[in-house]
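Could you fit the two chains together into a complex? Lean on the hints.
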Amino acid sequence: MTSVAQSSVQAEMIEVAGTPVALRRRGAGAPLLFLHGAGFTGLWTAFLEELSSAAEVWAPDHIGFGATPAQDWMTGVDDLVLHYEDLRREQGWERIDLVGYSLGGWIAAAYATVSPERVGRLVLITPVGLRVPGKPIADVMMMTPQRLYATLFNDPTNIPQVAPDPSDLGVVVHIYEEMTTVARLLWNPRHDPKLPRRLRRITSPALIVGAEDDRLVPNEMCDLYASLIGGARVERVPGTGHALIIEQPERTARLVLDFLGEGR
Amino acid sequence: MSNRLQFWHFGLMPYPHIPPTSEIESTWVTLSNRHYDPEIGHRLYRRYLDESVLAEKLGYDGTCVNEHHQNAYGTMPDPNVMASQIVARTEQIYVGIIGNALPLHQNPLRVAEAVAMLDVISGGRIISGFVRGTGMEYHSLRYNPAESRDRFWEAHDLILEAWTKDGPFAFEGRFYDLPYVNPWPKPYQRPHPPIWLPGMGSLETIDEAAKRRYPFMMVFSPLWFTKMAYDMYRHAAEEKYGYTPSPTQLAFCVATYVAETDEKAHAEAREHIMWLFQRGLWVPPYQWFPPGYVSGRSFRGMLEAKVKHNIKDHWELTYDDLVNDHYVIVGSPQTVAEKLARFTDELGAGVHVGASMQVGDMPHWKVVKNMTLFAEEVMPLFREKGAGPIWSRGELPPGAAELVRAMPEPATVG
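Order-wise, the sequence lines are chains A and B. When we follow numbering that gives the first Met the number 0, the leftmost residue of the first sequence carries the number 0, and every step to the right adds one. When we follow numbering that gives the first Met the number 0, the leftmost residue of the second sequence carries the number 0, and every step to the right adds one.
Chain B with its partners taken away, still in its complex shape (with noise of 0.2 angstroms):
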């Protein structure tokens, strides 16, 4: 393989035990938590924690965890606890944030000052994604979706601000106003720590993402869907704003699994991924898209695409169809190799997140054996001959270098 690619673990950290989707409405929101067991919730938190602390022991370069709320599919409503739990577990290895769901905090500067709390224990080993969470979040915690990409970017900036600013200063802003910003501690990465940017390809997102020079990542998109939105970033990037973007600023969320032959693969990985469309993405579409989630404009570009390309919902596509579109890569290492080689060499993709993903129910020595298997068969043919992950040779992680470049003189406070 020419190209090179780096690979971030995750794990969704989902709660299998569920009734079937004939007898829910759907698998976040409303399904009631008297179905959650705390005692087999607190033996999967143990188990999950293990296999993230196992991406660094394997190499990977990074471990990531996200935030949702009230649902089955990932119970990680606080990510800075889970990121907490793997920092103290690990030396080397960063760990992604991806994201925290910033209209989803009443006051911002809390992330400010927990991420900057983490990064500084961690010794700068914290990205820091930013998402707006799901249109479902905003059916659970009753934020207003019509005011969330606004509250998104304000509290982006307040929180660049007091990560960059000498304290205490004013923000002034229409949903934060606050007179004394001066978060004890700042973080210990210069600047901040790295910012990505995961999305669904909406392109006010990715816009938004090229201009800042933040890795922008695809989640659980078809292979044609990650082009057009890589393209629509690169084309920003060059024609808008001037530069021509690395692969390190392309980054896939496609969960992944390898075994010894296609054949095998397949027969463990299958059920797994069928939870994960099927069961843990059964959403309705009121509750994914609440009113004033996306802007009217945005709705109907959906809406169109959808019929123009035939695209389904999460929980209709068949297993044929997350393999045919890459959705999920399963395959002996061969074959993943080669599908990931189609993302780095078509897409020029330079980040797989969700490598060795644990998918929906997926027991524990599945997980295990999968990362074990791509770590030694899959990652060193994306890395230079007997190169280690980028934390074991010093090289920074996605975002920070251009983050460095595109920041101005330090800003100088009387």
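Pulled out of the complex, with its shape left as it was, chain A reads as follows (with noise of 0.2 angstroms):
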């Protein structure tokens, strides 16, 4: 979000098939793509940090989010997996590996659906995009900001450091906006009734990273995904919530790193 302090990390405008991005990037080795979930946006976390320590990170924001403009033609998660696509092939990348926390981990898990052979290893932390039985994700769209920050973070340390303004309009006016791309995108359903089917598709090694209590998302989703990708297992972040790249960004940067390392 534009609200938080300076990111060390300025953001750069690209073109990915003719469409703007807002792209983040740092540090050397094999292409790693991050996909950001549906807040923490336009930011350079310290959580991207410590990935750049052992990758070149990719942060680009997704469409109609941060920097990048919206676009009409962006109904749902499936324009996204091809933009993604688009820039895979305009950077020339035989593989890349995908990390994609929480809305950026239904993206990522979709986009190794349509092209499992591109990618190297995926991680998907706090995802969405399956529905678990009875355990629906808590509604975003019907909290009072305060409670959100409460629900997202078991431990509040950090919140400081993602906590957008709420003196400014033009904060809460792009909150707004950004979430009204979240609502173009999963309003309803909120989950990907297809997606089941097509994780079985998925041929690269895989790491679900939970949290240790999810308020958000139940945690059962990291299992179902963990179920339905052949030989994915599960990690859990111990004392986190939903926020866990935030709540504990080296942890879990750590045991993001040392299974792409396992690859390479």
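Watch out, some of these pointers could steer you wrong.
[Claimed, not checked] Keeping only pairs whose Cα atoms sit at most 25 angstroms apart, straight-line, the calculated SDA-like set for lysine to any residue is:
hint : chain 1 : residue 1 : chain 2 : residue 2
1    : B       : Lys210    : B       : Ser294
2    : A       : Lys134    : B       : Ser139
3    : B       : Lys311    : A       : Asp212
4    : B       : Lys305    : A       : Pro144
5    : B       : Lys305    : A       : Met142
6    : B       : Lys305    : A       : Met140
7    : B       : Lys311    : A       : Met142
8    : B       : Lys311    : A       : Val172
9    : B       : Lys311    : A       : Arg146
10   : B       : Lys305    : A       : Arg189
11   : A       : Lys134    : B       : Glu24
12   : A       : Lys134    : B       : Ser25
13   : B       : Lys305    : A       : Gln145
14   : B       : Lys305    : A       : Thr143
15   : A       : Lys134    : B       : Ile23
16   : B       : Lys311    : A       : Pro165
17   : B       : Lys307    : A       : Glu176
18   : B       : Lys311    : A       : Gln145
19   : B       : Lys311    : A       : Ile174
20   : B       : Lys311    : A       : Met12
21   : B       : Lys305    : A       : Glu261
22   : A       : Lys193    : B       : Ser294
23   : A       : Lys134    : B       : Leu140
24   : B       : Lys307    : A       : Ala45
25   : B       : Lys311    : A       : Met140
26   : B       : Lys56     : B       : Glu267
27   : B       : Lys311    : A       : Met141
28   : B       : Lys307    : A       : Pro165
29   : A       : Lys134    : B       : Arg33
30   : B       : Lys305    : A       : Pro163
31   : A       : Lys193    : B       : Phe174
No wet-lab data here; the hints were simulated from the structure.
Quick look at the structure:
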């Protein structure tokens, strides 16, 4: 979000198949594409900084998030999947490591079902995208900002790093516009009923990273993903909630890097 | 009084027996329906419909119903069912459906059919209002608020074509793709029932209404804000669309209560008006404005206006705020007439909706007294001497004359 304190890596504007995209990148090594969630956008977080110690991290703002303008044609997660496939092809990457957080986990999983041979290693961090029967995701559209943050975080230590300034009208409007993009992607249903069957197409090694106790997305979502992706395993980060990449950036990044390192 | 005004009765049909606001998140969406007792509901519906029927006997120009879902503020999830009841029990009065919430229908052709049925049964007494529905309804029914505006106008176009073009024809839209549009029946009125657009004052809605010459109705707003919206309508009509709107294109929905004296009127109405605003409209902002329900630009404009003009949420308004800012009109016949004259003289309005509205938890006897006194002591001041309601003198309802003028030659289908 534009509100947040200066990030140490500034965004540059690039084009992906003619679509303007705000991108932050740092590091050296194999390309790692980080797909952000519905919040904590437009930021170079401590988590990304950690990842960049061992990979060339590409962290674009999705269409309609952060500094990447919205597009009328983007109405579903499938549009973002093809958007990132365009990015991969234009960069000439044979394969990429994909790390998706929350909504970004859904996008990463869907990407890996469409282009399984293009994914080196797949990491889904507290992903959404599936329906856990009887356990819906908490309705973020029906929450005050205070309640949203209280639900996202189990450890409030790092909230000030990412909390938007509610007195800044520009920030409040920007969040409303980002949530409008979220509504366009997943207002109803808030999962992809076709995804469970398609996940069997994934061929890359996959790691699912869960929180110790996620009060936004049911903890069973991670297990459900793991049961549907061949060979996937689940790791959980102690002491965290849904916002684990903000709560425990080093530990979460270490899990990711160790997993990626197994392939190198 | 020099100016003319039409009087359209309107009751929201609330369910008043709910817990205090301190105990509930909202009067909408999540207020548990365990608080709804169907036996009480039965008596309320019968009573509310009696009041709508009484509007004809007392000489109101019309009586109105509307659509809201999963709430205690107004228990008419299907306005066409209520309109059907009123049509069956009246002979001549106009029945305003203000309106059907178009994006909340899977297939708007169903709205075209239902309204056409009512229009044919009633012999052409239907006003067809179209609305988007409140933000709350997008939580309740889970239609996508970010698509609401586009769906609304596509549904509008589909319904108008269905009413005016000979079928079967194909409608090829983004949301609705129908190869055989061919409703039986077609509406009784030609080219079709008048269309009203109730709104909260958004620039986009006002401009679309002015463009199509549809009567625009402001709902539960302060007088100064209604004036601003009307000025925008007139400006758009005159500068962009090249005509001067008639007063019957400018309607206002203002709850009104009249009694023998000012003092008595306030004493009788106050608690019920406070129910409407403090309890009926007890809604948190995240329910009012789901993402995409308004554009980022409109959202910014609203937030800026709220700060600049110190606009309160409905449930924050005090009784004095409501009276002083003309959200409501309460008083003796003389006082009420003077306040209504501000709407006609200063604002140029021609249609009062909510004339003698049944408000909040107001008991039947007060509603009947209010309606009767209003009809006998106030309405005549805004009509030609001795004149009755528009339906008794063969006058077209608001929006009808403009429609005939604006319509192209009937389409010929080969």
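How the hints compare with the structure:
1. The straight-line distance between the Cα atoms of B:Lys210 and B:Ser294 is roughly 20 angstroms, inside the 25 angstroms bound, and the hint therefore holds.
2. As the CA atoms of A:Lys134 and B:Ser139 are separated by approximately 19 angstroms, the hinted pair is consistent with the 25 angstroms bound.
3. Among the hinted pairs, B:Lys311 with A:Asp212 is inconsistent with the structure: their alpha-carbon atoms are about 39 angstroms apart, more than 25 angstroms.
4. Among the hinted pairs, B:Lys305 with A:Pro144 is consistent with the structure: their alpha-carbon atoms are about 19 angstroms apart, no more than 25 angstroms.
5. Restraint check for B:Lys305 and A:Met142: satisfied, since their Cα atoms lie roughly 21 angstroms apart, inside the 25 angstroms limit.
6. As the CA atoms of B:Lys305 and A:Met140 are separated by approximately 22 angstroms, the hinted pair is consistent with the 25 angstroms bound.
7. For the proposed pair B:Lys311 and A:Met142, the alpha carbon gap of about 20 angstroms is at most 25 angstroms, so the pair holds.
8. The hinted pair formed by B:Lys311 and A:Val172 meets the criterion: a straight-line CA distance of about 19 angstroms does not exceed 25 angstroms.
9. Of the supplied pair hints, the one linking B:Lys311 and A:Arg146 holds, its CA atoms being roughly 23 angstroms apart against a limit of 25 angstroms.
10. Taking the CA atoms of B:Lys305 and A:Arg189, the gap is near 32 angstroms; set against the 25 angstroms cutoff, the hint is violated.
11. Between A:Lys134 and B:Glu24 the CA atoms are separated by roughly 22 angstroms; this keeps the pair inside 25 angstroms, and the hint holds.
12. Among the hinted pairs, A:Lys134 with B:Ser25 is consistent with the structure: their alpha-carbon atoms are about 23 angstroms apart, no more than 25 angstroms.
13. At most 25 angstroms may separate the alpha-carbon atoms for a hinted pair to count; B:Lys305 and A:Gln145 meet this at roughly 21 angstroms.
14. For the hint pairing B:Lys305 with A:Thr143, the CA-to-CA distance comes to about 18 angstroms; that is within 25 angstroms, so the pair holds.
15. Straight-line distance between C-alpha atoms of A:Lys134 and B:Ile23 comes to about 24 angstroms, which keeps the hinted pair within the 25 angstroms bound.
16. Distance restraint check for B:Lys311 and A:Pro165: the Cα-Cα separation of roughly 18 angstroms lies within the 25 angstroms cut-off, and the hinted pair is therefore satisfied.
17. This hinted pair checks out: B:Lys307 and A:Glu176 have alpha carbons roughly 22 angstroms apart, not beyond 25 angstroms.
18. Between B:Lys311 and A:Gln145 the alpha-carbon distance is near 21 angstroms, which keeps this suggested pair within the 25 angstroms criterion.
19. Restraint check for B:Lys311 and A:Ile174: the C-alpha separation of about 22 angstroms stays at or below 25 angstroms, so the hint holds.
20. Distance restraint check for B:Lys311 and A:Met12: the Cα-Cα separation of roughly 41 angstroms exceeds the 25 angstroms cut-off, and the hinted pair is therefore not satisfied.
21. For the given pair, B:Lys305 sits about 56 angstroms from A:Glu261 by alpha-carbon distance, which is inconsistent with the 25 angstroms threshold.
22. Between the alpha carbons of A:Lys193 and B:Ser294 the distance comes to roughly 31 angstroms, so the proposed pair goes past 25 angstroms and is violated.
23. Of the pairs offered as hints, the one joining A:Lys134 and B:Leu140 holds, with about 19 angstroms between alpha carbons and a cut-off of 25 angstroms not exceeded.
24. For the hint linking B:Lys307 to A:Ala45, the alpha-carbon distance of about 39 angstroms lies beyond 25 angstroms, and the restraint is violated.
25. Simply put, B:Lys311 and A:Met140 have alpha-carbon atoms about 22 angstroms apart, close enough for the 25 angstroms limit, and the pair holds.
26. Annotation: proposed proximity of B:Lys56 to B:Glu267 holds, straight-line Cα distance about 24 angstroms (limit 25 angstroms).
27. Of the pairs offered as hints, the one joining B:Lys311 and A:Met141 holds, with about 21 angstroms between alpha carbons and a cut-off of 25 angstroms not exceeded.
28. Taken as a hint, the B:Lys307 and A:Pro165 pair is honoured in the structure, with Cα atoms around 17 angstroms apart against an allowance of 25 angstroms.
29. For a cut-off of 25 angstroms, the pair hint linking A:Lys134 to B:Arg33 stands: about 23 angstroms separates their Cα positions.
30. At roughly 20 angstroms between alpha-carbon atoms, B:Lys305 and A:Pro163 fall within 25 angstroms of each other, so this suggested pair holds.
31. Taken as a hint, the A:Lys193 and B:Phe174 pair is honoured in the structure, with Cα atoms around 21 angstroms apart against an allowance of 25 angstroms.
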